[in-house]
Amino acid sequence: MAEDMPLNLTKGVTEVSGRVYDLHMTIFYICCVIGFIVFGAMFYAIIKHRKSRGAVAANFHESTKIEILWTAIPLVILVGMAIPATSTLIAMENTDDADVTIQVTGSQWKWHYRYFEDDLEYFSVLATPRQQIDNKLEKSENYLLEVDRPLVIPINKKVRFLMTSDDVIHSWWVPEFAVKKDANPGFINEAWTNVPKPGIYRGQCAELCGKDHGFMPIVVIAKEQADYDQWMAEQKAEQAAVAEEEQRLLALQMSEQELMELGEQVYLASCAACHQPNGQGLPGMFPALRGSPMVLEDKVAHIDIVLHGKAGTAMPPFGKQLALKELAAVVTYERNAWGNDTGELIQASDIQSRRNASN
Amino acid sequence: MTESNTTDDQHAGEHEHHGAPKGIMRWVLTTNHKDIGTLYLLFAFAMFLLGGAMAMIIRAELFQPGLQLVEPNFFNQMTTVHGLIMVFGAVMPAFTGLANWMIPMMIGAPDMALPRMNNWSFWILPFAFTMLVASLFMEGGGPNFGWTFYAPLSTTYSPDSTALFVFAVHIMGISSIMGAINVIVTIVNLRAPGMNWMKLPLFVWTWLITAFLLIAVMPVLAGVVTMVLTDKYFGTSFFDAAGGGDPVMFQHIFWFFGHPEVYIMILPSFGIVSAIIPAFARKPLFGYASMVYATASIAGLSFIVWAHHMFTTGMPLFGELFFMYCTMLIAVPTGVKVFNWVATMWRGSMTFEVPMLFALAFVVLFTIGGFSGLMLAITPVDFQYHDTYFVVAHFHYVLVTGAIFSIFAAAYYWLPKWTGHMYHEGLAQAHFWCSLISVNVLFFPMHFLGLAGMPRRIPDYALQFADVNQIVSIGGFAFGVSQFIFLAVIIKAAKGGEKSPAKTWEGAEGLEWDVPSPAPYHTFETPPEIK
Ligand code: HEM
Ligand SMILES: [Cu+2]
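Just so you know, the sequences run in chain order A and B.
First residue of the first sequence: 388, per this note's numbering; consecutive thereafter.
First residue of the second sequence: 246, per this note's numbering; consecutive thereafter.
Extracted from the complex, chain A is given alone in its bound form (with noise of 0.2 angstroms):
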């Protein structure tokens, strides 16, 4: 019955987040039947030994024997929770043996997966619109809880993850896995799962990581093997596709509307979360592009920083995370927009041989 309670703790899919559970209700149990003696007790005392009833007054106010017995008894109720809370753990903390290996990465504020075994990499962003977050149109079922490309595993697998993060601390948590595991900057964490049966499985950021910490929803799909081998398959031949379509662009002219509108879908998407929708900024937190010397004059420094971010400040390297054509598009987008007006088109090309000069 507890476990079908919407406000209780998720029973979760797999075996340790049935473990976890457990553990939860008997805890809980103990806390309320020690609370139902004590408070009683104490209303029992309340309601009785009242002046007002003409109750007098005690004068005890020691007794070593009772005193020593509410030492004792709760020290052997805790031994009763440690045992199991132990063995839970040992199973939560033991790592050996997995399936698949998948590298988590967090960074302000989206999520990168990366399949060791497989040669397969990308990153999960929020989905929900922005217009919903603002009010403005009707929320979607999955409100903040929906991501462009979600994490796909398979199921009745030992899959192990590896937690890093590219900037703050995150911490990546699904709670039907009931896994939590914090990502740290230059360190690597390990968690893992086992997934019994194919869904849908949805979770948060759940370390404060900035602005958006309430932004950076993870969204696991668990498939059955051959259904997942098939996915697989289809993701490399994506990207195979998309990387010869990125050789065909490279000698290619984007005309300047096709650069513009693609630039802001980008933009908004990417960047604007920091630098503003209108190009502003946040003074300061976060520079404006709108008038910035190096957006008006700098051409090579403007790809840059985009390509490979700003250490030590909250810009993010882009270069992986987006296809050229976008690249090439953002740039473009942010030297004529705003009354930027440089004139100014990027190519693919442009970008592509900032890539090279730096590698």
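Bear in mind the hints are in silico, worked out from the structure with no lab data behind them.
Even glycine gets a Cβ: it sits at the ideal position worked out from N, Cα and C.
You may find that some hints are simply not true.
Claimed, not checked - Here are the simulated DSS-like cross-link-like pairs (lysine-lysine), alpha carbons at most 27 angstroms apart as the crow flies:
| id | chain 1 | residue 1 | chain 2 | residue 2 |
| --- | --- | --- | --- | --- |
| 1 | A | Lys623 | A | Lys544 |
| 2 | A | Lys584 | A | Lys398 |
| 3 | A | Lys707 | A | Lys697 |
| 4 | A | Lys438 | B | Lys748 |
| 5 | B | Lys744 | A | Lys438 |
| 6 | A | Lys544 | A | Lys584 |
| 7 | B | Lys444 | B | Lys776 |
| 8 | A | Lys398 | A | Lys610 |
| 9 | B | Lys444 | A | Lys452 |
Unchecked claim - Now the in silico label distances, taken between C-beta atoms and shown as ranges:
| id | chain 1 | residue 1 | chain 2 | residue 2 | range |
| --- | --- | --- | --- | --- | --- |
| 10 | A | Leu456 | B | Pro438 | 31 to 39 angstroms |
| 11 | B | Met443 | A | Pro393 | 51 to 59 angstroms |
| 12 | B | Leu314 | A | Gln634 | 48 to 56 angstroms |
| 13 | A | Met681 | B | Phe382 | 27 to 35 angstroms |
| 14 | B | Gly564 | A | Ile470 | 16 to 24 angstroms |
| 15 | B | Pro464 | A | Glu625 | 52 to 60 angstroms |
| 16 | A | Glu625 | B | Glu384 | 43 to 51 angstroms |
| 17 | A | Ile587 | B | Trp678 | 42 to 50 angstroms |
| 18 | B | Thr276 | A | Ile575 | 50 to 58 angstroms |
| 19 | A | Ala698 | B | Glu384 | 17 to 25 angstroms |
| 20 | A | Ile575 | B | His497 | 16 to 24 angstroms |
| 21 | A | Leu456 | B | His497 | 34 to 42 angstroms |
Unchecked claim - Covered stretches of chain B (in silico footprint by chain A; criterion: 3 or more residues with CB under 8 angstroms from a CB of chain A, positions within the stretch not fixed):
| id | region |
| --- | --- |
| 22 | 491-501 |
| 23 | 595-605 |
| 24 | 629-643 |
With chain A fixed as given, assemble chain B with the ligands onto it according to the hints.
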């Protein structure tokens, strides 16, 4: 049992004769423990309202899903500064105010041992908080990294005003250390003849232990904020992996301060409740000695459990087990305290004046906070609770219905001693009942939000959390409004009202009840004799 000697008129006259400053300068220059106690209490109440106003902004934003009132960055500033103000501006100064007023009177001393330092330790506080609040208006805004200011968010990605934050914390720390030294020296040296350690009122005992905790951990806080300062502005890399540092080390240092700090905010409450419950049960405190031992063991344990705030940072299994077992152990002495309070009520002759009402609410609600603390201690389950609203519920039960309720209890209990007038019973009852109901509407449902998966410190949330958040916000507004009743009670009692006898409460025990009400400006210039 005691022989008081206070000849107030004579001393008041003498004081004038010294040419004591009048008007505002009396308060600026004062070295009198009662004046300084009053200043601390007024300051703490002002901060409580200011921090509360920020909480109202937070709850208004969370009333509905979506962003309606404030930007996420400003939301983070509100949560951060709310936490800092409540911890360092409201709870701690309120306890220091009570210590200043009551400790000398309880041990039969004429004043605190170091009165000039006492004046300084109060007056630097308003500067610290002005600086902190002013930073909100700087370009880039005030601190927005949570009151725990985890690196590297606070060292690398923080606003320019971080230097102000660091200096403000330094000043708060210096103030606390000076206050603590004063408390220790006073208790050790100025006890009236015959007042041996096992006759010390529990409030004095708990404050003595608290003062040692303060002296032990405030320098740790000063160290860690200084490291944040040099990492951010002077290119060191204590917490930067690229330079050979470790961001998790920040958390170890912070919580080595932070965990004892949460006990600093509850031990004096234990002393207050241990004074009030016997008074209104008309029966001596059950287990005085075990109360002292329990307090000391809680203080001792608090130094070896810090990492229970960091189970998810990736500790070795051995570390997780060690910190889990030690944390669970704290439940034992805490339990002893609760059982002793219940045993004190048992077969008493109880009445329910407002101080007692707050004390009773404290026992029940603090215990609920203790239960959720025990649940949090169980590491595998803490992975699920950590950084959710379950934790928010836990520490508000111990801090609001624990620390703050005990401060209210103390204020009502000693108000007649401070002002000489009884408070308005009807208003005080209204304050109690409104606070009690609203505070539970505010914090109890947060347990469920956390269990259902709502992370803490987020400005917007998924739709399934909407209904509960609405209830919580309504509770929040009601709790906020209720505090103005308290303000009215204080103003009324300060202005006048029914006169209080020296011993306001029939069952009250202690030296403070031997001096007239209001307590004269100078008390115990010749020490009372304790037999
Ligand atoms: C029975 C005694 C207590 C136990 C076993 C206990 C245990 C814990 C644990 C394990 C956490 C970490 C939760 C997490 O982040 O996952 C925590 C958090 C906290 N506790 Fe307690 N606690 C107790 C009493 C207190 C008291 C008396 C206070 C203050 C008066 C307090 C204040 C806090 C605060 C402020 C936090 C939040 C820290 C943060 O922001 O991460 N606790 N407690
Ligand atoms: Cu995050």
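Worksheet entry | Coverage criterion applied to the region 595-605 of chain B (partner chain A; beta-carbon cut 8 angstroms; 3 residues) | holds (count 4)
Worksheet item: Is A/Lys544 close enough to A/Lys584, meaning Cα to Cα at most 27 angstroms?
Response: Judged against 27 angstroms, a Cα distance of about 11 angstroms means the pair holds.
Practice prompt. Verify the proposed pairing of B/Lys444 with A/Lys452, using a straight-line Cα cut of 27 angstroms.
Written response: At roughly 22 angstroms apart (the allowed maximum being 27 angstroms), A/Lys452 and B/Lys444 satisfy the hint.
Discussion item. Quick check: does the Cβ-Cβ distance between A/Ile587 and B/Trp678 fall within 42 to 50 angstroms?
Written reply: holds (47 angstroms)
Discussion item. If I claimed the Cβ atoms of B/Thr276 and A/Ile575 lie 50 to 58 angstroms apart, would that claim hold in this structure?
Written reply: holds (57 angstroms)
Worksheet item: Does A/Lys584 pair with A/Lys398 here, judged by a C-alpha cut-off of 27 angstroms?
Response: Holds, at about 14 angstroms.
Worksheet item: Can the restraint linking B/Lys744 and A/Lys438 be considered satisfied, given a maximum Cα separation of 27 angstroms?
Response: Given that 27 angstroms is the threshold and the Cα spacing comes to 24 angstroms, the pair holds.
Worksheet item: Can the suggested window of 31 to 39 angstroms be confirmed for the beta-carbon pair A/Leu456 and B/Pro438?
Response: For A/Leu456 and B/Pro438 the Cβ distance comes to about 38 angstroms; the hint holds.
Fill in: Given coverage of the region 629-643 of chain B by chain A, checked by CB-CB distance under 8 angstroms (3 or more)
It holds: at least three residues are needed, and the region 629-643 of chain B offers 4 whose Cβ sits within less than 8 angstroms of chain A.
Worksheet entry | Pairwise hint evaluation, A/Lys697 against A/Lys707, where the allowed Cα distance is 27 angstroms at most | holds (14 angstroms)
Worksheet item: Range hint 52 to 60 angstroms: satisfied by the CB atoms of B/Pro464 and A/Glu625?
Response: holds (57 angstroms)
Worksheet item: Would you say the region 491-501 of chain B counts as covered by chain A, given the rule of at least 3 residues with C-beta under 8 angstroms?
Response: Held - the region 491-501 of chain B has 3 residues with a Cβ nearer than 8 angstroms to chain A, which meets the minimum of three.
Checked against the numbered hints given earlier, this structure breaks none of them.
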